[in-house]
Amino acid sequence: MPGAVVHKLTLEQIVSRLGGELVGNPQTAVARIRPIASAGSDDITFLSQPRLHAQLARTAAAAVILPETLKGELPASGNAIYTADPYLYYARLSQWLWQLGQPPFEPGRHPLAHIDPAARVSAQARIDAFAVIEAGAEIGEGVHIGAGCHVGRGALIGAHSVLHPRSVVGWGCRLGARCVLQPGAVVGSDGFGYARDATGAGVKIAQVGVAVLGDDVEVGANSTIDRGALDNTEIGTGVKIDNLVQIAHNVRIGAHTALAGCVGVSGSAQIGAYCFIGGGVGIAGHLRIADGVVIGGMSLVSRSVLQPGMYTGAFPLDTHANWERNAATLRQLYQLRERLRALERQLDSVKTPPSP
Amino acid sequence: MPGAVVHKLTLEQIVSRLGGELVGNPQTAVARIRPIASAGSDDITFLSQPRLHAQLARTAAAAVILPETLKGELPASGNAIYTADPYLYYARLSQWLWQLGQPPFEPGRHPLAHIDPAARVSAQARIDAFAVIEAGAEIGEGVHIGAGCHVGRGALIGAHSVLHPRSVVGWGCRLGARCVLQPGAVVGSDGFGYARDATGAGVKIAQVGVAVLGDDVEVGANSTIDRGALDNTEIGTGVKIDNLVQIAHNVRIGAHTALAGCVGVSGSAQIGAYCFIGGGVGIAGHLRIADGVVIGGMSLVSRSVLQPGMYTGAFPLDTHANWERNAATLRQLYQLRERLRALERQLDSVKTPPSP
Amino acid sequence: MPGAVVHKLTLEQIVSRLGGELVGNPQTAVARIRPIASAGSDDITFLSQPRLHAQLARTAAAAVILPETLKGELPASGNAIYTADPYLYYARLSQWLWQLGQPPFEPGRHPLAHIDPAARVSAQARIDAFAVIEAGAEIGEGVHIGAGCHVGRGALIGAHSVLHPRSVVGWGCRLGARCVLQPGAVVGSDGFGYARDATGAGVKIAQVGVAVLGDDVEVGANSTIDRGALDNTEIGTGVKIDNLVQIAHNVRIGAHTALAGCVGVSGSAQIGAYCFIGGGVGIAGHLRIADGVVIGGMSLVSRSVLQPGMYTGAFPLDTHANWERNAATLRQLYQLRERLRALERQLDSVKTPPSP
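Protein chains in written order, with our numbering: chain A, 1034 to 1389; chain B, 1034 to 1389; chain C, 1034 to 1389.
So that you can see chain A by itself, here it is in the shape it has in the complex (with noise of 0.2 Å):
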């Protein structure tokens, strides 16, 4: 951003902080992480894929973050941390940069926030203009609640959890520590219940649960996550949810899964922990999907997933002609399998005459 104000850190810094073995000179300051191909004097880079192995020697960083099995290898400036995961120590040290750029964490409540008297916010809390904290919430220390928030009767937002602009936290439900709502998430809305009536109308069933997040939970810009119908919407330590996905009510997701974008859960679905769901993919309700499933983009999960490993189901694109005749073939494939079946008896009773 114009005029902000530019923060180093040197090598010795980082690797006291975040462990690695560094080679070259400590005194070295880099101010930010940049992608190998354009890193430049000021920045410090990381090698995590194999393919990109050529543009080491190449590189005009500062210094390169680089796997243990190239110990040894070095960049032109003569500066490299090994370690044993190269993106996982990227991903610390771009916190660590991005919280050094950042203004200071003041707490303190906007004159134009309306916070319920009955509230209780940790005077450690921040409140931005426009949000919106109703009575008997509790929101922790540490705590940023963005401009134009709305935080329900009787929620509570864990310690150090930010949610940003125009997020909404439905009455009652809870958010963990650490938690982090993308702009325009909503947590607690009402879930589709509905009984029908004798002339086929819906007639709402009240949805009295709540939604109930972790620990290090971070849904993303305009997801939903609805309230439980009876029982609660649980979502586990260190889920991460990306844009636009859709929880059902009634939903219970385990610890450490990721949901990619425009994902949508059916009701009452329990999906396991340290799950990976695909973008775009649809989870039929009341089924079971157990730990350590990959669900590939765009499928649909119909049935229950009981033994852990990777599953598709998603049309192969082609050109639309070449599509047009094989969906044409795809609505006739069971017959092609009858006519195959005779095929094969026919064949059969031609090689083997019947006997005189």
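Wrong hints could be hidden among the right ones.
Same chains, same names: a pair is fine if it fits in one copy or spans any two.
Claimed, not checked - Below, a list of computed lysine to any residue pairs in the SDA-like style, where the Cα atoms sit at most 20 Å apart:
1) Lys1237 x Arg1065
2) Lys1237 x Asp1351
3) Lys1041 x Ala1323
4) Lys1237 x Ala1117
5) Lys1041 x Ala1087
6) Lys1041 x Ala1062
7) Lys1104 x Ala1354
8) Lys1237 x His1353
9) Lys1041 x Leu1051
Hints in this document: simulated from the structure, not taken from any laboratory.
Once you've looked at the hints, dock chains B and C against the given chain A.
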């Protein structure tokens, strides 16, 4: 919620308002509805799914709502209400209990709401903080406009509708009575309409129609309903729309149809009444779906569906390895069919050798 | 809208600004554009689809915009404007008529907006109630920031852009001239980037790139565009994005490409210029789509598409019963192919018996 006053209803009160046949102690009082497995002595539960029948004997619930087909069966508490449709009964009772637990509706205008002097707001409506009501808008009796909502110029909000926080109704759009917008819902965004000029650049078509919602329509969190281009977008009475659903311009949806999460409906599509559109379904533009159609999750409807019934089109999930082999073959399905046809012809000629 | 003043244009005024050849009475005045079937004596209509040709003789419109190929044909009113592209003409006229009906643009700052003293806001911009403009942000001339919008630190909003209510532009992001954000759109949310630590927990990667939109970009309601991780997310000039579209970090989209509703684009994908991406399409990460590519609705693009043309991959809709049979067979497609191959071999040997 901590400290909330608990309201109880006696079984006598319940049946006198909602009907059903009571067996047991009319003075037994219940505070909540709970699932049959976890209900306790303050709770009423219901049995609508035969697979849960075995739990009837074990439930600790104070009373159970049972189907008339089970007349004579009783839980340990000895209290039962028999009714034709326990799930519908549960829906109605859930609303009643919910209402009891709510703070009384207090009409009024929050001093930090921005209401144009040329808006007509019922004295019996409630407008929360940071809401905006523009000139010419009409807000009916008993309406609740949540915090941070936006009601555009000349929009009409029918009696007893609820706009949850941060929802938006664009200029000129009209909501019937008792509509509900979940947080972040948008009614009346511009439709996606462009002409292309000679260079291929898009030239916006002013979207001058509006969106009109009938009575008792519910729109899910962060769902979007576009205004019409020239004519209107029309959502029928009792239509229920889940979260993250997109309804394009000039769409028409018949009464009491339900659309599950993540559905996308393209421009000028017409969907009949009493349909159910499964989660993640895509509906192409300018087509027609008859009344009483059910579309399975994640299907693409690319042509009109003129007969009621259930329709599906989704790739079945498989292990990634199997999927990969099948998908590769699928791209050649047309050739497979040709080869099968060739085989059939050849086998025919083998079986019937040309007459000499 | 009730009470709105109606503005009229004469046909002479129209052709003198927008071109075209006028036949009929130049003083005929029109107030609205209406579809050919419902247009009345105050209305102008257009004929761009040959299938509506029969309606030309019956329309009650005061004038009709006709393709040059129909020169000589006239509606009952006797008034026609002939032009190469009636649909484009309609688009331009619709904008003009729309503009006439709008209240004049009034620059200014609503007293309930929160504008940081260190933001640079053009005196010719308009900032509505409950909007937030943070330090270092620059708001160009003629910009309209709607109610409840949020413009983050150091963000730039180009001249004559319109942010509809409740839209968000994150810190450092840049919009060109004449951009439009529909309600609830989010530009500059954090990308979905995490490393995994040794326990499998996600470690957030600070997202320090921004999102950069060219001129004349439109972003639909509740759509989301992530900022870049290290480099930027780049949306080209004239790109049109429909509602509920998700654009991940580091995506690049070429000029004048259109993305229909519910599309999801994964990280670092590159989409060319003048493409059309159909509704509900998913685009995998780190791939490239050439200029001039059309992707059919609900397709998954899992590999690069390097040639212009139309591509599709979506399961054809069928009755559920048929779909179920075909889907079951589809899971064994590879075996079907093997059996077919075996049959071909056997038939070959039947036809050509081993020489004695």
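A quick look at each hint next to the structure:
no. : hint              : result
1   : Lys1237 x Arg1065 : between (53 Å within a copy, 16 Å between copies)
2   : Lys1237 x Asp1351 : neither (43 Å within a copy, 31 Å between copies)
3   : Lys1041 x Ala1323 : neither (45 Å within a copy, 40 Å between copies)
4   : Lys1237 x Ala1117 : between (54 Å within a copy, 18 Å between copies)
5   : Lys1041 x Ala1087 : neither (28 Å within a copy, 67 Å between copies)
6   : Lys1041 x Ala1062 : within (6 Å within a copy, 67 Å between copies)
7   : Lys1104 x Ala1354 : neither (52 Å within a copy, 36 Å between copies)
8   : Lys1237 x His1353 : neither (43 Å within a copy, 28 Å between copies)
9   : Lys1041 x Leu1051 : within (15 Å within a copy, 57 Å between copies)
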